[in-house]
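Dock chain to chain to rebuild the complex, using the hints, since each chain is given by itself in its own frame.
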Amino acid sequence: MGKQKIWAKDLLEVAGVPAIAIILGLVVGAVAMLWMGYNPVIGYQSLLRGIFGDAYSFGETIRSMTPLIFTGLAVAFAFRTGLFNIGVEGQFVLGMLAGALVGAAWPQLPWLLHVGLALGAGALAGALWAAVPGLLKGRFGVHEVITTIMLNYVSLILANYLIRNFFRVQEQEATANIAPSADLSIALLKQASGGARIHWGTVVALGLVVLVAFILYKTTLGFEFRAVGFNPHAAQYGGINVTKSLILSMLISGSIAGVGGAVEILGVFGRMAVSPILPGVGFDGIAVALIGNNNPFGVLFGSFLFGALKTGAIQMQYVTQVPYAIIRVVIAAIVFFVAIKELVRRILRLKRREV
Amino acid sequence: MVKKLGVFLIIATLLVSLAGCGKTSEPTQGSDTKQTAPKLKIGMATDVGGINDESFNASAYRGLLKAKDELGAEIKVLESKQEADYDTNLATLVRGGNDLTWGIGFAMSNAIEKAAKENPDKKFGIVDFAYTTVPSNVVCVTFKEEEGSFLMGVIAAKMTKTNKVGFLGGVEIDLIKKFEYGFRAGVAAVNPKIEVLSGYAASFTDSAKGKAMANSMYDQGADVIFHASGGTGKGLFEAAQEKSTSDKKVWAIGVDSDQYKLAPENTLSSMIKSVDNAVFDVSKRLNDSDWQGGKVVTYGLKEGGVDIAPTSNKNTSQEALDAVADYKQKIISGEITVPSTKDQFDSYLLKLPA
Numbered sequence: 019m020g021k022q023k024i025w026a027k028d029l030l031e032v033a034g035v036p037a038i039a040i041i042l043g044l045v046v047g048a049v050a051m052l053w054m055g056y057n058p059v060i061g062y063q064s065l066l067r068g069i070f071g072d073a074y075s076f077g078e079t080i081r082s083m084t085p086l087i088f089t090g091l092a093v094a095f096a097f098r099t100g101l102f103n104i105g106v107e108g109q110f111v112l113g114m115l116a117g118a119l120v121g122a123a124w125p126q127l128p129w130l131l132h133v134g135l136a137l138g139a140g141a142l143a144g145a146l147w148a149a150v151p152g153l154l155k156g157r158f159g160v161h162e163v164i165t166t167i168m169l170n171y172v173s174l175i176l177a178n179y180l181i182r183n184f185f186r187v188q189e190q191e192a193t194a195n196i197a198p199s200a201d202l203s204i205a206l207l208k209q210a211s212g213g214a215r216i217h218w219g220t221v222v223a224l225g226l227v228v229l230v231a232f233i234l235y236k237t238t239l240g241f242e243f244r245a246v247g248f249n250p251h252a253a254q255y256g257g258i259n260v261t262k263s264l265i266l267s268m269l270i271s272g273s274i275a276g277v278g279g280a281v282e283i284l285g286v287f288g289r290m291a292v293s294p295i296l297p298g299v300g301f302d303g304i305a306v307a308l309i310g311n312n313n314p315f316g317v318l319f320g321s322f323l324f325g326a327l328k329t330g331a332i333q334m335q336y337v338t339q340v341p342y343a344i345i346r347v348v349i350a351a352i353v354f355f356v357a358i359k360e361l362v363r364r365i366l367r368l369k370r371r372e373v
Numbered sequence: 005m006v007k008k009l010g011v012f013l014i015i016a017t018l019l020v021s022l023a024g025c026g027k028t029s030e031p032t033q034g035s036d037t038k039q040t041a042p043k044l045k046i047g048m049a050t051d052v053g054g055i056n057d058e059s060f061n062a063s064a065y066r067g068l069l070k071a072k073d074e075l076g077a078e079i080k081v082l083e084s085k086q087e088a089d090y091d092t093n094l095a096t097l098v099r100g101g102n103d104l105t106w107g108i109g110f111a112m113s114n115a116i117e118k119a120a121k122e123n124p125d126k127k128f129g130i131v132d133f134a135y136t137t138v139p140s141n142v143v144c145v146t147f148k149e150e151e152g153s154f155l156m157g158v159i160a161a162k163m164t165k166t167n168k169v170g171f172l173g174g175v176e177i178d179l180i181k182k183f184e185y186g187f188r189a190g191v192a193a194v195n196p197k198i199e200v201l202s203g204y205a206a207s208f209t210d211s212a213k214g215k216a217m218a219n220s221m222y223d224q225g226a227d228v229i230f231h232a233s234g235g236t237g238k239g240l241f242e243a244a245q246e247k248s249t250s251d252k253k254v255w256a257i258g259v260d261s262d263q264y265k266l267a268p269e270n271t272l273s274s275m276i277k278s279v280d281n282a283v284f285d286v287s288k289r290l291n292d293s294d295w296q297g298g299k300v301v302t303y304g305l306k307e308g309g310v311d312i313a314p315t316s317n318k319n320t321s322q323e324a325l326d327a328v329a330d331y332k333q334k335i336i337s338g339e340i341t342v343p344s345t346k347d348q349f350d351s352y353l354l355k356l357p358a
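Protein sequences, first through last, are from chains A and R.
Counting in this note's numbering, the first sequence runs without a single skipped number right up to 373 at its last residue.
Counting in this note's numbering, the second sequence runs without a single skipped number right up to 358 at its last residue.
With the rest of the complex left out, here is chain R (with noise of 0.2 Å):
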């Protein structure tokens, strides 16, 4: 009966708690939304990635801890685990009251689309998509990856002693393409004769499937791999550390952020995606009342919006990064347009001096 009574009691005081919290403290929510303080407030959905990937969704929200601290704006941040959540973590900030939204990654462009129909006097942006006709209310932030998997290519080129280099993609999508053939043209800029392998892991997770993968190119006779996979590449590094030896070394090549922490001895580079600075760049711009609704947003080399890794004189020779200096400016000048497309690509390499 004492026991009896004892699980009840506790039942009782658990449901009761939670149900007085819930009545008690609801003035405080009421009286948080009635500051009206002239704050910037930008809310963030992430996509199935969340921000610990250590990739764009990681770069977006240092780009949103930016604004926190230099525009002093109001940040949230919503995790998403499933497609399904896109929808209504965009409606719960909307809802929320904040004056920007954004969105992360180009899976979500058809849920931003979707509420910003819905929500016309709110705004949002969306990273890594480009609508055919962008809706007033949402800025579109792209970036040109393949510049900047060009440069990693020159390297890659420069740098290769079996003359056979290795590309590894997440998902066989057309942006992971972008870089594919970005790098592709950058090897065939400094020597068409080098060989690129490529492969796809059909998943920006697995990390296992990417080391099984980087160790079936070095085996293949490939010494330099450039990945552009998310977390399937953390494979890449841990497979480049186990099969260098003393006479042979293979390299890795990073993608988004710095990722020459990963491997210390087998990075050459990383091409930087700053997704943190367009993110900024954007949220900075609609706080100094430059709203750059309805547009097309795309950061290349000249932006800033890519770049190679500043660790890369680490491992890579001064011939190689000052051949990338040189093809550098050569396409923030225009000389160079990169592919990034097969087609764009197959023509670059026509063109191509033999």
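In isolation and in its complexed conformation, chain A is listed as follows (with noise of 0.2 Å):
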């Protein structure tokens, strides 16, 4: 078992445990559909034109996966290290308010300088966010689900408080426009699509998805995280100093989100405004990490999945009217099937022994 093998082990499971969960996934959201009167292969149909039919549809599916790609990373980076960061969501959103305030800060800056500076700021915010549990975890061995859940629903009344008494525009539930000069959506790909709200954060995402599995895989620092995560008392023994790896993992996770905050904001909305419910791909990040066994390329794949399934619903729901409810039970499904990937691969392993 080389060095090399880890990756290998870790994407053979990626490939092969959710193909066959996103297929009985998508077998029990067709009873489910059947069972509720809708025909099956109409909405199915309609599903993969939602994803695929035309540039729009496809650049609509790029935009929904590329928040996923964030948090997924987020998420599987934290459990690396053996944390749970459940706080993904609230990261998230401090991240979003603070590229939302910084991208409307200063528009005389250069592009990239203007960019980079609000993304900075989203990073920050999600690394502050996230260094309370990580320093009660480090410290007092305080569970992180608990605070960093808790944390959750802070950040959204923090972020709603904020913007309404302090950063909201005339008339307005929301915070000023972001200046052009932070503007990430790439307008040239948005024409040519017809609409579809395509940016530069996508390619940002990418980036970090490589940047993670490097510092992962490739760096003293990764192996520390890796060691502290699958056994913290042997990784003390062997000399790493484990506080400081929850810690540090923690404020990287945070960051990661806090960047994929700032990024929508750029991106999409182009503002923040005073929302009522927490966005929610930090809750989906969760599950796109379990798809992609907490592997960076196989979150690539998770958020792929879940930002495709999300975008194809609406063209499902257009065409039969198939209750959105419809396709968040393939959604669970799917997720359950993975969660349960014991079973799965049992099917596989079958498969192999007999190669």
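Some hints could be false.
Computed list of lysine to aspartate or glutamate pairs in EDC-like fashion (alpha-carbon distance at most 20 Å, straight line) [as the list claims (entries may be wrong)]:
{"hint": "1", "chain 1": "R", "residue 1": "Lys-45", "chain 2": "R", "residue 2": "Asp-125"}
{"hint": "2", "chain 1": "A", "residue 1": "Lys-208", "chain 2": "R", "residue 2": "Glu-58"}
{"hint": "3", "chain 1": "R", "residue 1": "Lys-252", "chain 2": "R", "residue 2": "Glu-199"}
{"hint": "4", "chain 1": "R", "residue 1": "Lys-265", "chain 2": "R", "residue 2": "Glu-58"}
{"hint": "5", "chain 1": "R", "residue 1": "Lys-346", "chain 2": "R", "residue 2": "Asp-178"}
{"hint": "6", "chain 1": "R", "residue 1": "Lys-355", "chain 2": "R", "residue 2": "Glu-339"}
{"hint": "7", "chain 1": "R", "residue 1": "Lys-288", "chain 2": "R", "residue 2": "Glu-74"}
{"hint": "8", "chain 1": "R", "residue 1": "Lys-118", "chain 2": "A", "residue 2": "Glu-191"}
{"hint": "9", "chain 1": "R", "residue 1": "Lys-165", "chain 2": "R", "residue 2": "Asp-251"}
{"hint": "10", "chain 1": "R", "residue 1": "Lys-181", "chain 2": "A", "residue 2": "Glu-191"}
{"hint": "11", "chain 1": "R", "residue 1": "Lys-118", "chain 2": "A", "residue 2": "Asp-201"}
{"hint": "12", "chain 1": "R", "residue 1": "Lys-43", "chain 2": "R", "residue 2": "Asp-73"}
{"hint": "13", "chain 1": "A", "residue 1": "Lys-208", "chain 2": "R", "residue 2": "Glu-117"}
{"hint": "14", "chain 1": "A", "residue 1": "Lys-208", "chain 2": "A", "residue 2": "Asp-72"}
{"hint": "15", "chain 1": "R", "residue 1": "Lys-346", "chain 2": "A", "residue 2": "Glu-191"}
{"hint": "16", "chain 1": "R", "residue 1": "Lys-288", "chain 2": "R", "residue 2": "Glu-58"}
{"hint": "17", "chain 1": "R", "residue 1": "Lys-265", "chain 2": "R", "residue 2": "Glu-339"}
Covered by chain R, according to a simulated footprint, are these stretches of chain A (three or more residues, beta-carbon under 8 Å) [claimed, not checked]:
{"hint": "18", "region": "175-182"}
{"hint": "19", "region": "226-235"}
{"hint": "20", "region": "293-303"}
{"hint": "21", "region": "338-350"}
None of these hints come from the bench; they were simulated from the model.
For every residue, glycine included, the Cβ atom is placed at its ideal position computed from N, Cα and C.
Here it is, written out as structure tokens:
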């Protein structure tokens, strides 16, 4: 078992298990549709058309997958250190706010600098928000699931409060629009695809996938993170500073989520509005990381799957008038089958032994 | 070997059948769009509440169904699950060839404005929002929620025994403040000495929080609570039922739809906001070639856009209902202008006879 094998082993699971899970999930969805009196063939056909049908649909698929790459990476990264960061949602929200505020300020800055500053602000906000549970975990052993999940709601209410009382523009329940110098959208592709909101944030996300993979698998730091994730006691014994690793991993995870939030504002929304609900991409990121087996490239696959299902669901809903809840059933079924991957793996293993 | 083959066969069959179906049914899809029937096609995108919110999305959907029944319109509905869906949903509806596309809720204002700009030949409607300059292909539908809330304030003030009433808001935004200040004005019109407790749940969907907040207001001595909080308010009705004892009864007042059935023993009234009538009305006018593009259409008490629920006589005293009828007349005739913001409310208080 050389070093390279770790990649291969992760990736085999990434490819095989979810493929079966997706098929089983689609079957469950089809049964649900039949049961409710809808035609699953027309349903899935319009789902596919809603994903790949034309340039607009595919562009929107890419758009909706992009934030999930960030949140999925954030969850996966923390998970590799043994941390279950449920707070990605909240870190994402504060990243949005920071991105919106910096994006709207200083319109005279050159594009690259302004974008860099806004993304940096997003990363900082996300990292700071993650630092709280990180420190509590590292110093006092408070379980991060409790602290992060609670901070999600605090983040939403805090963001709404700040927008409403300090940053709103007249007659709007939102921050000012970002300056053109911070705009991440790609006008050319947007026009060519008939208005799909394609933006440079996707490129940033892809870059982060490679960067995170590099950190985790090719650096001492990443080795330490993974060692802590496998067995903190053994890692401690081996001379790794576990407390430092936990806090640092949480900070990095939070900053990835924060950049994702800023990207979403600079690329898609252009401003941040008061919202009655959390955006939900952070929670989806947990499932994305699970489907991707917490492997950075697996996250890419998982986010594409989720983004595609979400985008395709709209066309599916439009053509068949199937309730949106059905598509959630499909997504939930897929996550469910991935979660019971021991069963699925057994099916795969049977196959392999025979070959 | 057999098992392996079996698995592959199942997968292969599924994939082939999916792909095959994709091709065979394409012609039917095409002919659907080619029918070119003169029917009016109306699309609607809800905000994140969805059509089962028992509130204004549900009401808008009823209006759309009415348009289907009475105008023979072809209708399509898309529910949004997150803010990012707004643009995509509207684009899907526009590309689907709908003549009129509705965005339900102020949260969709940006998305509608953008879609209207990108598709100048298509028509749009938005509920609960008025642009400073309304694009010529958009109709804005707004309501005078403060007028209906005023009447609820009158009922609350007439029915309270503790001289303390409550207001439970959803998210603290200008739209919900219209409810609060209308309600406060109605209370003050009857008796300025009545204390109004007010709280916001920061959510339109958290009924557990609504219940906790309602309980706390009842504990502080309020005996009538009016809510404007969507699904959060369902908790208010539970609280009212549980807090009532044989010697002391507490009351709830509903919003948007008639919510009497949520707590038949403890509901005084509901402020009806007829999004359905408004949606139907605008759609019908379009059908009759009376398109009101570029305008803000406001539905108040006078236009039947807001009103008091028909079940109000179940638990509310006749004296209170008479007072409501009286104030309703005064509002319709313009004798009373109901405040909708804090500033307007403050100056309204100054004008009240001491």
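Okay, which hints does this one fail, numbers in order?
Hint check: 2, 16, 17, 19 fail, others pass.
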